[in-house]
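2 protein chains.
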Amino acid sequence: MRVKIREAKQKPVGETITLCGWVRTIRKQKSFCFIDLNDGSTLKGFQIIADAQLTENIHTGTSLRVTGEIVESPGAGQSTELSAKEIHVFDPCAREDYPLQKKRHSAEFLRTIAHLRPRTNLQGAIIRMRNTLAYASHRFFQERGFFYINTPIITSSDCEGAGDMFQVTTLDVKKGQRDFDDDFFGRQAFLTVSGQLNSEAVAHAMSDVYTFGPTFRSENSNTSRHLAEFWMIEPEMAFYDLSDTMTLAQDYLKYLVDAALTSHPEEMELFDKFVEKGLIDRLTKVKEKDFKRMPYTEAIEILENSGKKFEFPHEWGCDLQSEHERYLAEEHVKGPVILYDYPRDLKAFYMRNNDDDKTVAAMDVLVPKVGELMGGSQREERYDILLEKCKAADFDLETYKWYLDLRQYGSVPHSGFGLGFERLIQFITGVENIRDVILFPRYPGHCNY
Amino acid sequence: MRVKIREAKQKPVGETITLCGWVRTIRKQKSFCFIDLNDGSTLKGFQIIADAQLTENIHTGTSLRVTGEIVESPGAGQSTELSAKEIHVFDPCAREDYPLQKKRHSAEFLRTIAHLRPRTNLQGAIIRMRNTLAYASHRFFQERGFFYINTPIITSSDCEGAGDMFQVTTLDVKKGQRDFDDDFFGRQAFLTVSGQLNSEAVAHAMSDVYTFGPTFRSENSNTSRHLAEFWMIEPEMAFYDLSDTMTLAQDYLKYLVDAALTSHPEEMELFDKFVEKGLIDRLTKVKEKDFKRMPYTEAIEILENSGKKFEFPHEWGCDLQSEHERYLAEEHVKGPVILYDYPRDLKAFYMRNNDDDKTVAAMDVLVPKVGELMGGSQREERYDILLEKCKAADFDLETYKWYLDLRQYGSVPHSGFGLGFERLIQFITGVENIRDVILFPRYPGHCNY
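These protein sequences, in sequence, are chains U and W.
Each step along the first sequence adds one to the number in my numbering, with nothing skipped, and position 66 is 73.
Each step along the second sequence adds one to the number in my numbering, with nothing skipped, and position 139 is 146.
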């Protein structure tokens with residue numbers, strides 16, 4: 008019976024099993040040879056020992072099916088191995104131009120073969136970790152009675168008001184000069200930057216909901232922290248104030264860190280050894296204590312008194328840059344810190360005005376290594392104030408009528424936040440470039456595969 | 008302590024709890040009144056009994072927080088109720104134009120207030136069911152060692168070759184006459200119709216993977232079965248042949264049906280009573296026996312010998328229409344049926360050629376009520392044959408080079424299928440129109456909210 012390598016490692020000596028996979032390495036001796044076979048189910052493959060005559064057509068990359076008996080392994084590094092009785096080669100992968108010959112490849116080179124790079128140890132580990140963090144996200148919210156919902160990807164409203172949106176059209180782009188009345192939706196349509204506004208509507212009936220879906224920004228950003236297409240998890244909770252939301256964000260992040268550390272000791276060791284020294288220690292600390300909470304105003308004072316030279320300004324009213332966020336998390340707090348009560352002018356129209364007449368009930372979770380990892384707020388639930396904010400932002404009130412309706416028909420205090428999933432994976436794995444934690448990254452000039 | 012209504016129903020008499028939610032109905036008597044409060048966590052709300060003086064500003068739709076003591080309920084329909092001590096009204100929802108006054112509303116009307124319709128019994132039930140089916144999908148694949156992956160939404164390749172794709176652009180659509188070199192990605196880009204081609208690349212390293220993400224078709228279809236934006240679950244398995252894939256598809260669908268029936272008895276009763284009489288019986292049958300498997304050629308013979316009048320032709324080589332699919336599933340087999348080995352000309356380029364030189368190793372799962380629910384195939388893993396098929400389809404070989412690479416470097420037999428998530432929800436709930444099983448439907452001329 009065919010089993011995955013992950014299961015094969017649990018099988019007792021003497022059992023006959025069948026494995027399928029790809030050859031990572033092969034060491035030929037005179038009369039027999041050792042094959043390191045991998046099927047993606049674990050970091051470390053399974054060692055096959057086979058008569059030389061069974062392995063003539065086998066190379067790095069060969070796909071095969073092997074049946075044999077589990078035996079004790081005399082070698083170091085594994086307790087059992089498979090003594091091959093029968094090997095079927097699907098494809099020898101004998102071409103000399105196979106790009107993944109046994110040696111280390113740079114991240115830049117691997118990005119040019121994104122269709123093959125899942126076969127490397129590091130990318131395989133990232134894929135397994137990504138899976139674990141996605142599933143842990145669902146478990147976390149399901150255990151708390153949240154409902155998973157799908158908000159629209161194609162939208163006619165701009166949640167953040169930032170304008171960096173891709174257009175979606177069936178018009179002939181080269182031809183031009185046509186009216187959006189003729190377009191598929193009869194109006195101009197975009198790719199969403201956030202499902203939040205829609206989630207708010209659903210939270211006004213279901214209380215606690217969350218999305219997990221793709222979001223888009225057409226910013227021309229060529230940094231190691233930005234993608235044109237990325238995935239977000241966005242919980243939205245009726246009857247939560249900002250403080251409840253900070254607690255939820257903290258519990259969620261700790262849950263994710265715990266899932267990473269306990270589900271993937273082998274992968275964590277790889278990341279710690281080859282990607283970021285001290286990673287396991289950094290993450291273990293996140294689990295241990297409550298996240299520091301700090302008003303934006305206090306953070307500005309700390310930056311002013313830090314004696315550090317920053318590239319960007321940091322007086323009150325300035326948007327914090329990555330350098331500021333990382334200083335606060337890495338050097339000042341030495342762990343995650345939740346900043347809150349940001350200047351109103353820095354934040355989106357839907358955030359709830361504080362009574363001080365200058366800040367809003369916003370919060371960002373800043374973490375070492377990544378800077379801002381989550382951003383959230385209590386939403387403005389008062390109709391008159393929200394209407395003023397929409398007007399001040401120069402919105403088409405007809406487009407936002409439905410959103411304002413929520414404040415007229417059973418309005419409630421409510422809050423939510425968003426977690427950028429790729430930034431989370433950077434945070435957990437230590438990988439520097441966001442293009443290496445998503446399978447097929449999209450960024451300016453790049454839409455291959 | 009605030010609890011959800013779902014939990015409140017388990018609380019013992021005598022306990023003091025706090026509930027938050029929205030008033031569905033209020034019945035005022037002389038000195039006290041009954042409130043049916045709902046927070047979305049269950050179909051049936053919690054009954055509040057309160058002194059009349061506490062409820063002066065309460066109407067249908069009012070949002071409130073109530074603290075009280077659980078008491079035995081003398082009325083029919085619930086065993087406990089809450090005797091209110093304190094009620095805080097967030098928003099009275101006193102406007103007479105609140106569209107959800109107590110009466111039945113048509114599905115058509117509710118679609119015009121998609122931001123409010125989650126507050127209805129039926130939509131709430133659909134949202135809870137959708138959540139359960141999504142989470143059950145993750146559980147099913149995770150239990151079997153599959154990895155959840157995110158394939159790109161913005162793409163430069165057309166998986167199905169059908170051409171019904173939305174364009175994604177940052178060019179000025181009205182202006183026109185510009186070159187795609189100037190576009191964000193430096194080339195023409197589209198919204199994906201399927202993550203399959205990308206998943207195949209990952210399956211060649213990780214063995215078993217699945218996606219759960221949005222897909223798009225710009226077909227001008229105004230039917231009760233089509234959306235411009237819908238969600239798909241697409242597993243892709245290395246080392247699976249077509250028969251393995253049929254077994255997986257069957258196991259998966261049975262798992263989903265079981266999750267629906269066991270997790271949501273109240274909701275199923277609602278669907279059975281008000282949406283489709285006999286629904287529970289229809290679904291229970293799906294669980295009970297293996298799905299019939301039938302070659303396409305045999306299905307054509309059955310249609311020819313049926314004596315039925317069909318609108319569309321049904322000789323060998325014809326694409327089956329919904330009327331044919333439903334006849335086969337509903338009247339002939341009286342349950343799910345898996346058709347396989349379809350004429351090559353009907354199916355996509357990537358499907359594996361059979362030895363008969365006229366069919367491919369494709370399969371569709373047809374079910375009563377919906378017709379085609381899942382479609383899959385064994386993929387062509389032989390380089391030379393796939394290259395010929397790409398040429399015959401007139402593809403730009405440079406664009407598909409990476410896909411062909413998979414057949415040169417460790418190619419393996421592999422297979423997969425796709426499940427349209429909204430069609431699944433139609434199948435499970437009996438809801439006729441696909442626009443009513445997704446929160447904010449997108450279809451020609453409609454991109455509101």
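Simulated from the structure, these hints should not be mistaken for laboratory data.
You may find that some hints are simply not true.
Below are the DSS-like pairs computed for lysine-lysine, each with C-alpha atoms no more than 25 Å apart in a straight line [claimed, not checked]:
hint: 1; chain 1: W; residue 1: LYS11; chain 2: U; residue 2: LYS261
hint: 2; chain 1: W; residue 1: LYS11; chain 2: U; residue 2: LYS181
hint: 3; chain 1: W; residue 1: LYS261; chain 2: U; residue 2: LYS110
hint: 4; chain 1: W; residue 1: LYS261; chain 2: U; residue 2: LYS11
hint: 5; chain 1: W; residue 1: LYS181; chain 2: W; residue 2: LYS261
hint: 6; chain 1: W; residue 1: LYS408; chain 2: U; residue 2: LYS109
hint: 7; chain 1: U; residue 1: LYS181; chain 2: W; residue 2: LYS182
hint: 8; chain 1: U; residue 1: LYS182; chain 2: W; residue 2: LYS181
Verification of the supplied hints:
no., hint, result
1, W:LYS11 to U:LYS261, "holds, 24 Å"
2, W:LYS11 to U:LYS181, "violated, 54 Å"
3, W:LYS261 to U:LYS110, "violated, 46 Å"
4, W:LYS261 to U:LYS11, "holds, 24 Å"
5, W:LYS181 to W:LYS261, "violated, 49 Å"
6, W:LYS408 to U:LYS109, "holds, 23 Å"
7, U:LYS181 to W:LYS182, "holds, 8 Å"
8, U:LYS182 to W:LYS181, "holds, 8 Å"
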